[in-house]
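Colleague: Given chain U, put chain W in place with the hints provided.
As given, the protein sequences belong to chains U and W, one line each in that order.
The first sequence begins at 1 in the working numbering and counts up one residue at a time.
The second sequence begins at 309 in the working numbering and counts up one residue at a time.
Treat each hint with caution, since some may be false.
[To be verified] Derived contacts from chain W toward chain U, CB cut-off under 8 Å, selection only:
{"id": "1", "residue": "353"}
{"id": "2", "residue": "360"}
{"id": "3", "residue": "453"}
{"id": "4", "residue": "522"}
{"id": "5", "residue": "545"}
{"id": "6", "residue": "547"}
{"id": "7", "residue": "589"}
{"id": "8", "residue": "593"}
{"id": "9", "residue": "597"}
{"id": "10", "residue": "599"}
{"id": "11", "residue": "600"}
{"id": "12", "residue": "603"}
{"id": "13", "residue": "608"}
[Unchecked claim] Chain W regions said to be covered by chain U (calculated; three or more residues, Cβ under 8 Å):
{"id": "14", "region": "384-394"}
{"id": "15", "region": "418-431"}
{"id": "16", "region": "478-486"}
{"id": "17", "region": "525-536"}
{"id": "18", "region": "554-566"}
Derived from the structure by calculation, the hints contain no laboratory data.
Built from N, CA and C at the ideal position, the CB exists for glycine as well.
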Amino acid sequence: MQHGKYRFIVGFLAVPLGLYTLFVVWPFIQSIYYSFTDWTGLSPDFKMVGFDNYERMLNDDIFWKSLQHSLLFALLLPVVTIGLALFLAFMINVGGRKRKGGPVITGVRGSSFYKIVYFFPQVLSIAIVALLFSFAYNPDSGAINSILRGIGLDSVQPLWLGDPNLALWAVMAVLVWSTVGFFVVLFSAGMASIPVELYEAALLDGAGRSTTFFRVTLPLLWDTVQSGWVYMGILALGAESFAVVQIMTTGPGGPDYSTTVLVLYVYQKAFRDGQAAYATTIGVALLIVTLAFAAIVMRLGRRERLEY
Amino acid sequence: MKTTETSAPGTEPGVSVGKTGDPAGTPPKEKKEGAVLNVFSHGVLIIWAFMVAMPLLWAVMTSFKDDASIFSSPWSLPDTLHFDNWSRAWTEANMSDYFLNTVLVVGGSLVGTLVLGSMAAYVLARFEFPGNRFIYYLFIGGMSFPIMLALVPLFYVVNNLGLLNTIHGLILVYIAYSLPFTVFFLTAFFRTLPTSVAEAAFVDGASHSRTFFQIMLPMAKPGLVSVGIFNFLGQWNQYMLPTVLNTDPDQRVLTQGLVQLAASQGYKGDWSGLFAGLVMAMLPVLAAYIVFQRQVVQGLTAGALK
Numbered sequence: 001m002q003h004g005k006y007r008f009i010v011g012f013l014a015v016p017l018g019l020y021t022l023f024v025v026w027p028f029i030q031s032i033y034y035s036f037t038d039w040t041g042l043s044p045d046f047k048m049v050g051f052d053n054y055e056r057m058l059n060d061d062i063f064w065k066s067l068q069h070s071l072l073f074a075l076l077l078p079v080v081t082i083g084l085a086l087f088l089a090f091m092i093n094v095g096g097r098k099r100k101g102g103p104v105i106t107g108v109r110g111s112s113f114y115k116i117v118y119f120f121p122q123v124l125s126i127a128i129v130a131l132l133f134s135f136a137y138n139p140d141s142g143a144i145n146s147i148l149r150g151i152g153l154d155s156v157q158p159l160w161l162g163d164p165n166l167a168l169w170a171v172m173a174v175l176v177w178s179t180v181g182f183f184v185v186l187f188s189a190g191m192a193s194i195p196v197e198l199y200e201a202a203l204l205d206g207a208g209r210s211t212t213f214f215r216v217t218l219p220l221l222w223d224t225v226q227s228g229w230v231y232m233g234i235l236a237l238g239a240e241s242f243a244v245v246q247i248m249t250t251g252p253g254g255p256d257y258s259t260t261v262l263v264l265y266v267y268q269k270a271f272r273d274g275q276a277a278y279a280t281t282i283g284v285a286l287l288i289v290t291l292a293f294a295a296i297v298m299r300l301g302r303r304e305r306l307e308y
Numbered sequence: 309m310k311t312t313e314t315s316a317p318g319t320e321p322g323v324s325v326g327k328t329g330d331p332a333g334t335p336p337k338e339k340k341e342g343a344v345l346n347v348f349s350h351g352v353l354i355i356w357a358f359m360v361a362m363p364l365l366w367a368v369m370t371s372f373k374d375d376a377s378i379f380s381s382p383w384s385l386p387d388t389l390h391f392d393n394w395s396r397a398w399t400e401a402n403m404s405d406y407f408l409n410t411v412l413v414v415g416g417s418l419v420g421t422l423v424l425g426s427m428a429a430y431v432l433a434r435f436e437f438p439g440n441r442f443i444y445y446l447f448i449g450g451m452s453f454p455i456m457l458a459l460v461p462l463f464y465v466v467n468n469l470g471l472l473n474t475i476h477g478l479i480l481v482y483i484a485y486s487l488p489f490t491v492f493f494l495t496a497f498f499r500t501l502p503t504s505v506a507e508a509a510f511v512d513g514a515s516h517s518r519t520f521f522q523i524m525l526p527m528a529k530p531g532l533v534s535v536g537i538f539n540f541l542g543q544w545n546q547y548m549l550p551t552v553l554n555t556d557p558d559q560r561v562l563t564q565g566l567v568q569l570a571a572s573q574g575y576k577g578d579w580s581g582l583f584a585g586l587v588m589a590m591l592p593v594l595a596a597y598i599v600f601q602r603q604v605v606q607g608l609t610a611g612a613l614k
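Extracted from the complex, chain U is given alone in its bound form:
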């Protein structure tokens, strides 16, 4: 298969690689370069300023706040989401009533119904979800406070997105709401492929359901959990947190910078404040955080692969 091979390779790779280089690789390289300049983005003139932008960043209180929130997103969101998803997936897969003559562990009735419903938010745009919840959180006419009033909690009427102490948690809850279903389905598929004999053996040895979960299910699912963790963390640092914070919170990023995240701060500096060079500097910080996060999770999670 040598005839015309290189001509073919070049012909097939040229367009995709060209497009990718022009719109993805080249801007990445440029932005690292720009972070050492004083480019405003508005005029084509700029000069090199060395590490000035980085120095400024280290003294920027809003940067530190954004970093703190982004780290919280990357660490806490995956833990809560994946924890909840594992719990629900386990309930779906082993919570079934034992039927006569059936296997010792069965899924609940209607398991496919649950999975279909849980997956709904996953197919919706995060922008639409964010919009929907910004109405639901409305203190007067929103769905949530009106439920609270309905069950007699008239005194509990939080401002949600308007309260600096609550806004960040309210935003994070939306991300949990929209992603749990994806992981339930993912983990369910993984749990379904674990042989029943392993459960039977564990139960026979006197293990309870929770022991079975921690000693049998979780170790066998570990690879999926780990890649899900990295996936969720990258989303929580990037596109998803941008959409929810930008759409839902006042300012956006407020009140009082209580919800601002790195990715939003990059956007605001570049496209609102005309400080493109400084924006790329914060972007570089975001890049470092993202790569460090992925590396740490992969490293912490490394353990012997179990075959079954």
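Modeller: Relative to chain U, chain W alone:
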């Protein structure tokens, strides 16, 4: 876990006693525990299903109400079905334009992503040449980098090419940012296909490109469907790229159009119209999901399971 596997009786005598489940053989305590667990798990599962469905139902309900009752009683059923909210959103609030723009952008991007992605993936999976690994990892690297970092210079790259605020410009950018996952997924897929068919075609005198389009692409159809669904949803729901690169009100896609609408309707006070627009944007995707449920789940989870 819905397993149809019924363990063959008698193969493991010790085990079969415990699991036949006949009332006599099962200790009462264990049976009771199973029942409690069953009730508990159904309870938990129903609560979460409720929490997922309620906000969506609330939105549908609200889209049929008039503005006054949206504010006075958020959870009451609409007194009459105000279909005029929907027609107002469709015509006056430009939802029809947003739909059309989105269809054009996603249609073009999806075709382009699949064609270009499968071409690159095929070459990377099946041919050895210097730089193969480097190009592969260059593509894969795009999956874990924060896109926002590239968007700052990208805005000016696109602007200099005269592509800012154009549909075709947005299509090219969507394709470029969809390539990493597409190439990653399809490269793995092409590696699993047998080589013998392509070799036979080649021996019979077919050119490399003819072999690809007439033999390999049809064989790769299941992979193309999965990655196609993944990209369709990703591109249809895309918010960050159009927000940065597509600031002209006439070219807005659905997601950013709705967000802009929410900002402007806030002053006009047409909340019912806004909810109608919101539901209008949700329904096609939810309907498509319910119809193609199995393929969608496969397409979206395929990447994570690899």
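Colleague: Grab the minimum C-beta distance from residue 599 of chain W to chain U and call the hint holds if it beats 8 Å, violated otherwise.
Modeller: violated, 12 Å
Colleague: Next item in the hint list is residue 608 of chain W. Is there a CB on chain U closer than 8 Å to its CB?
Modeller: Since the shortest Cβ distance to chain U is 7 Å, the answer is holds.
Colleague: Measuring from the C-beta of residue 597 of chain W to each C-beta in chain U, is the shortest one below 8 Å?
Modeller: holds, 4 Å
Colleague: Does the CB of residue 360 of chain W sit less than 8 Å away from some CB of chain U?
Modeller: Nearest chain U Cβ about 6 Å off; hint holds.
Colleague: When the nearest CB of chain U is found for residue 453 of chain W, is that gap smaller than 8 Å?
Modeller: holds, 6 Å
Colleague: Count residues of the region 418-431 of chain W with a Cβ under 8 Å from any Cβ of chain U, then say if the count reaches three.
Modeller: holds (count 6)
Colleague: For the hint on residue 593 of chain W, just tell me whether its beta-carbon gets within less than 8 Å of chain U.
Modeller: holds, 5 Å
Colleague: At least three residues with a C-beta closer than 8 Å to a C-beta of chain U: is that true for the region 478-486 of chain W?
Modeller: holds (count 5)
Colleague: Holds or violated: residue 547 of chain W as interface residue toward chain U, Cβ cutoff 8 Å?
Modeller: holds, 4 Å
Colleague: Regarding the hint that residue 353 of chain W lies at the interface with chain U, is the smallest CB-CB distance below 8 Å?
Modeller: holds, 5 Å
Colleague: Using Cβ atoms only, decide whether residue 545 of chain W comes closer than 8 Å to chain U, and label the hint accordingly.
Modeller: holds, 3 Å
Colleague: Take the region 554-566 of chain W, compare each residue's beta carbon with every beta carbon of chain U, and decide whether three or more fall closer than 8 Å.
Modeller: holds (count 4)
Of the numbered hints stated above, those contradicted by the structure are hints 4, 10, 11, 12, 14, 17, listed in ascending order.
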